[in-house]
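Peer 1: Chain by chain, the residues:
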Amino acid sequence: MPTVSVKRDLLFRALGRTYTDEEFDELCFEFGLELDEITSEKEIISKEQGNEKAHGASDVVLYKIDVPANRYDLLCLEGLVRGLQVFKERIKTPMYKRVMPKGEVQKLIITEETAKIRPYAVAAVLRNIKFTKDRYDSFIELQEKLHQNICRKRALVAIGTHDLDTLSGPFTYTAKKPSDIKFKPLNKNKEYTACELMNIYKTDNQLKHYLHIIENKPLYPVIYDSNGVVLSMPPIINGNHSKITVNTKNVFIECTGTDFTKAKIVLDVIVTMFSEYCENQFTVEAAEVVFPNGKLHTFPELAYRKEMVRADLINKKVGIRETPENLAKLLTRMCLKSEVIGDGNQIEVEIPPTRADIIHACDIIEDAAIAYGYNNIQMTLPKTYTIANQFPLNKLTELLRQDIAAAGFTEALTFALCSQEDIADKLGMDISATKAIHISNPKTAEFQCLRICVLFSSLSSAVSHLLLQVARTTLLPGLLKTIAANRKMPLPLKLFEISDIVIKDSSRAPSFNSYQHTCSQASFMSTPIHCCILE
Amino acid sequence: MADGPVAEVLLRRLETADGGLDSAELATELGVEHQTVVGAVKSLQALGEIIETELRSSKRWELTAEGEEIAQEGSHEARVFRSIPPEGLPQSELMRLPSGKVGFSKAMSNKWIRVDKSAADGPRVFRVVDSVEDEVQRRLQLVRGGQAEKLGEKERSELRKRKLLTEVTLKTYWVSKGSAFSTSISKQETELSPEMISSGSWRDRPFKPYNFSAHGVLPDSGHLHPLLKVRSQFRQIFLEMGFTEMPTDNYIESSFWNFDALFQPQQHPARDQHDTFFLRDPAQAQQLPMDYVHRVKRTHSQGGYGSQGYKYNWKLDEARKNLLRTHTTAASARALYRLAQKKPFTPAKYFSIDRVFRNETLDATHLAEFHQIEGVVADHGLTLGHLMGVLREFFTKLGITQLRFKPAYNPYTEPSMEVFSYHQGLKKWVEVGNSGIFRPEMLLPMGLPENVSVIAWGLSLERPTMIKYGINNIRELVGHKVNLQMVYDSPLCRLDAERGPPSTQEAA
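Here the protein sequences line up with chains A and B, keeping their order. First residue of the first sequence: 2, per our numbering; consecutive thereafter. First residue of the second sequence: 59, per our numbering; consecutive thereafter.
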């Protein structure tokens, strides 16, 4: 879940009133947000790096707010404020408009070389925008939040924003050999080739995470203006030439990516959020993108879609009895402008370009329920009549556990994942004989001082690393390790465990498998009982 | 005299002692372990008023292992100083000495040595003074000789900071004569035998009084693991509510059932290598219900069933990837698919409690594997109000009555709600579960009728167990490193009953 950090006072000024922390927490809860933490830059630094480092840092109060992962329109102060103000019926949801410029329209031409590495690009212009320090910071932060979430760490989409007045169109989006790309990147005062940059950024704590996206490709994506100035080398870095500042008036935005739908959504989110500060509020200047096949597209799409939902369907799914007019009002409070039409039971809902998360009537129904207030819904019990059954294997397990414990054994609960060593070497077996299933991407977990018990007689303690490499094929190693870790306990130790193990069995005929087992047709589980006595 | 020679000696000394004697001093005089004397004192105490004791504690300074070494060999800085010949020593070589690192910086701050950074073959270290007094060694030797009091408070605390000294507390007994003091003691009888009765000797024998505050001997018994005791209770609750248990006996799942069937897009972060354990062998699931797979593919890539879909290029290879299931909702998807194949539709209530796996960074509350509890109801016309009603009944059975619901986002439920309950101890609302109504994009491709809704909720088994049993670190609950004493001692699991007052600790 993304967390958005906003200055409290700035937020309250934009909301036009102040709240106590409890009141704001309550509002967040109702709207589906979570006020996760109240802090300040100073507190964050002092927590992470110690009190001395925090000296002189800002102690402006920050609200850290958790936003649902599909609400890209709430990832910045502007969006949060707009969402909450509409929710509280203090403002109406704005209409976002795309306009053609009076003069020449900005054009971005995609060449076919991009096809193999990053085929899609979209663009738009924010004309006569007025930044302040806070607005500028929020603009940069929003791009970062989008990069981390919907853009999947820039793999699906990467955003570049540029001072249009330093550039001259038309722009070309192409792909070139890394050695042929040379430019002065953001915040450097010297030109580098793409190869050099990839080396330099290997040690850059922020950028090193994105290098793998293009690293071993023969061609790197790059955008030029008509004078050969590099705007950006997506998804790594922008050029320094077109860098935006607080004083930038006209912003050219490009989004490149491997997922066309997401690139369009990202562009829509940025322009709908920040066109608020344009001279013509909520108006975005169009840009044209020419695809390699010659087709011309105009962006941003800013598409409004109409959905028809029956009022009784909403009532039936939520479990409330509201009039169609009231339901339309509730939806309008969620930025979904709605009105009752037709037979008086139909609600026409307008999905704005900010709400890419609305893809089905059920999403609209949820918003009606949120606006109604989850906690105002009457709780009822369904009349579903059913006869309960236990899963036979688990039923037997429960019975056995009781009786084995009654026989004086104590139940152990050990991990299903373990190292190859545990199920093979330490039991004197060859790993290939264990028929174990293997994990391809284990994270090494370092366990401090894992004591290994070697068949009761010789106890040795050693510092070792526990690798989660395989699923256990026997319960024995877990039990032996439990004994080894409990050597201080009085004897006798009598332990048992009944749990699942996994064994690969490719000989199993597929016909044995119901759908229930299709996935594991190459492996099956069994539930052995294992007891150990140490006396 | 069955109480051993030490007790005998103790009594004889006490008879002639002026006032009393100290257990530690006696141990030194007799040349036995202090613990042996303590044992004798305790056995005499048990005999009644023979002796009186007073527990005294005294503090003493002792050398640590490193302190011992220094008292013997000299301080690190002195050793560094001594190893430097008149012509100096390269710093790199000095650092390789056993005392190099610590000794170098201490010797530098004592101004015993200097570094010449401009020397030809790298920085070189020279002596500054001709000889040094090894104060640290001298002080430690004083402590070793039992003369710690000759050091100032500041000197001692400096040595303690360097981990050369520790302060140990010694508990000793001051023993004096009791009201029934006697050097000739006979063992008190603990059992009345038939012989004593027939011979009448019981009249003259001293009997040991009953000790009703003794712990007693625990009978040998087996114990169930507390987490699984809680699991049994949750199973019981579901069964009481008429829920049927789903088969979950497959840790291995295909991405298809774990994600795709749940309308979770293929670029979803949960499908990342960082979050999910994928299998190398067997890497791919071969058998998938292909007609259903095609409906799922179409819903993801193009939409349908009233949905816009996610509009991306859905790949079968991605769906075939085998993994360790990340949630039991994969098992719920299979159960609902099976339900959809049964015609006509019959309402169902399902539950499962089983292990799931996440490739997570491990900490006090996260392990790579944990248990998930899941409940599902499928019927015509279920509402959000029904979901909340079922949740209320379920949590009431857990002893949780104050609930509220927060809008949330799950990829496969819409509407979704997080369940919060008011925690009396923490004085705040804490999340206790997640719930929602499964998306039509998940249910309709399975073949379930359009007016059937499926409500579902889930929570972890570990969290309520940790709260119930007051365990803060999950490693103290699950895995081979748990202390079996915890398993032995864990009380009954009564989820709907308030925890009683903590049992009072008896004096040992």
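Everything labelled a hint here was simulated from the structure, so no lab data went into it. One or more hints might be untrue.
[Stated by the list, open to error] Pairs of lysine-lysine residues, derived as DSS-like cross-links and limited to a Cα-Cα distance of at most 30 Å, are as follows:
id : chain 1 : residue 1 : chain 2 : residue 2
1  : B       : 455       : A       : 317
2  : A       : 436       : B       : 485
3  : B       : 355       : A       : 307
4  : A       : 54        : B       : 208
5  : B       : 355       : A       : 48
6  : B       : 117       : A       : 48
7  : B       : 455       : A       : 8
8  : B       : 369       : A       : 48
9  : A       : 338       : B       : 219
Peer 1: Among all the numbered hints in the text so far, which are the ones the structure does not match?
Peer 2: Those not satisfied are hints 2, 4, 5, 6, 7, 8, 9.
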